[in-house]
Amino acid sequence: MQPILKNFLDNWVYPSGFSGPGVDFRLRQTERCIPAWDALVTLALKSAEQDLKSGSNEYKAARARRGYAAEGPFMSMKQMSTQILSVTINEQSRYIDLQRMRARQIWDEVKHGQLHADVLLRGGWIKREEELMDDALANTQPKLSYFGMTAMFPHIHPLARAGQHYYNEAMACLGIWATLSVIDDPLVRHQLRSQEAEEMMHFMEGKYQIDAYALTPAEQKPIEEVFDFLLRPWAPEPSRALGGTA
Amino acid sequence: MMPGLKIDHEKCTECRMCYVACREININAVIVSSTSQHLLEIDERCIYPKCTVCLMYCPAEGSIVDADSGKSLVPPPPEVWTENLRWPRSP
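As given, the protein sequences belong to chains A and B, one line each in that order.
Under the numbering used here, think of the first position of the first sequence as 1, with each following residue one higher.
Under the numbering used here, think of the first position of the second sequence as 1001, with each following residue one higher.
If you're looking for bench data, these hints aren't it; they were derived computationally from the structure.
All values derive from a computational prediction rather than experimental measurement.
Yeah, the Cβ is synthetic: ideal placement off N, Cα and C, and Gly gets one too.
There could be a bad hint or two in this list.
[To be verified] Derived lysine-lysine pairs resembling DSS-like cross-links, with alpha carbons at most 30 Å apart: (1) B:K1006 with B:K1050; (2) A:K78 with B:K1011; (3) B:K1050 with A:K6; (4) A:K127 with A:K60.
[What the hints assert, rightly or not] Only part of the chain B face toward chain A is listed, based on derived beta-carbon distances under 7 Å: (5) V1053; (6) Y1057; (7) P1059; (8) A1060; (9) G1062.
Generate coordinates for the entire structure from the input sequences, incorporating the hints supplied.
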């Protein structure tokens, strides 16, 4: 196992504030996530090393454009807005804090888009953020649909999103730490350091929601279905139609 | 009585996870302060070290500290997440 992943598990994943079926469920799902998380760290390290070897500064712009596509106004603010809608009026008393967490995340997503745009502005790759609206690389991303187009719609169960938070946001943190361990460019490090705290918060949202709320089979099922989707071994790459290479 | 935990505002990202966790277990020791930034604070209702739940869901390294020693409790060291400190949750 990659040391970066082991450190993440020991410090942030295994400590639990509760005991009970939610935590037990989360730890079972964690075992399923670990091979994918480990592979992600290996890939992120390799990718960062290749970027350094390229001898060009273009990788910095490419990283910022990819970040803008996944976290800019096209995707992030809209998708998190819809996830508040998944809590019905009848469910408010149980999920009042879940709504607050998601509302807070919208503010994070506002800043994420600004951060990536700022890297492109400071690096001189664009003169105004609006130029990114015409840039396909800043508006498309190849991630599977729980972090893509279907994220534009509310999940059918308010807890389903916890699976995405737990799995994908852990990936984001691990990718950041792997890249930071290789690249010492100040602009790239600024971008990653700024993003790091908020990705950790979103991971913690998923962890908390599973531990505190996913207590019955009915509450666990929609979350497990998200993990099933995200971890499906038969589709390691998104299709070309979704922007991938498979 | 002074609370046993303190928020380090140099490190805290004001994500509010400590507030959410503390409210869920009905301790309600995390409060929104009267500052214009609405900074979070921990008041005398905190029962640390008998409760450590907020420490398990805080994402910002070093942002909650032991008020007496100033020692960082995030990420939580092993002695604060022993089995007997976990809050049982049942359906």
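Taking the hints in turn, this is what the structure says about them:
Between K1006 (chain B) and K1050 (chain B) the alpha-carbon distance is near 15 Å, which keeps this suggested pair within the 30 Å criterion. This hinted pair checks out: K78 (chain A) and K1011 (chain B) have alpha carbons roughly 29 Å apart, not beyond 30 Å. For the hint pairing K1050 (chain B) with K6 (chain A), the CA-to-CA distance comes to about 28 Å; that is within 30 Å, so the pair holds. Our distance criterion of 30 Å between C-alpha atoms is met by K127 (chain A) and K60 (chain A), whose separation comes to about 16 Å.
Checking V1053 (chain B) against chain A by beta carbon gives a least distance of about 4 Å; that is within 7 Å, so the hint holds. The restraint placing Y1057 (chain B) at the interface with chain A holds, with a minimum CB-CB distance near 5 Å, inside the 7 Å limit. A least Cβ separation of about 4 Å between P1059 (chain B) and chain A falls short of the 7 Å threshold, and the interface hint therefore holds. A cut of 7 Å between beta carbons decides the hint on A1060 (chain B): the least distance to chain A is about 6 Å, and the hint holds.
Contact between G1062 (chain B) and chain A, as hinted, is not supported at the beta carbon level, the nearest pair being about 11 Å apart and thus beyond 7 Å.
Comparing the model with each numbered hint stated earlier shows that hint 9 is the single one that does not hold.
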